[in-house]
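A.B. asks: Listed below, chain by chain, are the residues.
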Amino acid sequence: AQSVTQLDSHVSVSEGTPVLLRCNYSSSYSPSLFWYVQHPNKGLQLLLKYTSAATLVKGINGFEAEFKKSETSFHLTKPSAHMSDAAEYFCVVSGRKTSYDKVIFGPGTSLSVIP
Amino acid sequence: AAGVIQSPRHLIKEKRETATLKCYPIPRHDTVYWYQQGPGQDPQFLISFYEKMQSDKGSIPDRFSAQQFSDYHSELNMSSLELGDSALYFCASSFNTLQGEGGNEQFFGPGTRLTVL
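Residue numbers (the working numbering), protein chains in the order written: chain A, 1 to 115; chain B, 1 to 117.
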């Protein structure tokens with residue numbers, strides 16, 4: 001069984017300050033982990049992914065995440081927030097079955113960036 | 001690069017009507033997934049198809065059905081529409097490239113926004 005917890009439903013930061021969006025997962029095997037971003041009334045865009053290679057993953061727009069197996073965490077960070085980062089962020093855990101991937105979305109974290 | 005195509009992008013229906021949503025996966029992708037995202041909600045998995053056969057089923061109502069055709073496009077058929085069916089419906093496709101237990105990246109379409117009046 002798999003599950004995803006995003007510890008904060010809403011995060012607010014000032015422009016130019018660091019961003020930390022937290023994600024913890026539970027899985028009975030070694031899953032892949034993803035972060036997606038969704039701007040208002042838009043589709044889902046992949047920010048970055050972990051698929052059992054390097055534990056520190058760099059994504060688009062200056063975001064990165066570190067996979068920590070001992071803590072079952074995959075927190076998303078960015079050194080300096082930009083106004084355009086304001087959006088909804090989803091952490092996703094995915095495990096491979098025989099002929100499909102079992103995908104679980106976290107509940108999402110809404111990021112606000114204050115000018 | 002080709003992306004996942006969904007049509008229509010917007011659809012307005014009355015209660016009790018039917019609707020058909022279409023999804024065209026990325027060429028050579030073998031798996032299609034359907035998700036429903038209500039207002040302020042995270043995407044909920046509905047159903048998936050691998051090589052034209054249903055592979056997994058989530059929280060899809062009995063009023064909904066789906067299939068994948070020989071050209072790999074998929075259609076989600078929704079009958080007896082209810083107000084609560086108003087949502088953004090995403091289709092995603094993937095191709096299995098990984099050897100381990102982790103799932104593959106899913107490529108999402110832009111979504112179909114369904115409004116039921």
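In case anyone wonders, no lab produced these hints; they're calculated from the structure.
Keep in mind that the hints are not guaranteed to be accurate.
Here are the simulated BS3-like pairs of lysine-lysine, each with C-alpha atoms no more than 27 Å apart in a straight line [claimed, not checked]: (1) B:Lys57 - A:Lys102; (2) B:Lys52 - A:Lys58; (3) A:Lys97 - B:Lys15; (4) A:Lys97 - B:Lys13; (5) A:Lys102 - B:Lys52; (6) B:Lys52 - B:Lys15; (7) A:Lys42 - B:Lys13; (8) A:Lys102 - B:Lys15; (9) A:Lys42 - B:Lys57; (10) A:Lys97 - B:Lys52; (11) B:Lys15 - A:Lys42.
A.B. asks: Would you mind marking each hint as holding or not holding in the structure?
C.D. replies: Here is what the structure says about each hint:
no.	hint	result
1	B:Lys57 - A:Lys102	holds, 10 Å
2	B:Lys52 - A:Lys58	violated, 34 Å
3	A:Lys97 - B:Lys15	violated, 37 Å
4	A:Lys97 - B:Lys13	violated, 36 Å
5	A:Lys102 - B:Lys52	holds, 17 Å
6	B:Lys52 - B:Lys15	violated, 30 Å
7	A:Lys42 - B:Lys13	holds, 21 Å
8	A:Lys102 - B:Lys15	violated, 32 Å
9	A:Lys42 - B:Lys57	holds, 25 Å
10	A:Lys97 - B:Lys52	holds, 16 Å
11	B:Lys15 - A:Lys42	holds, 25 Å
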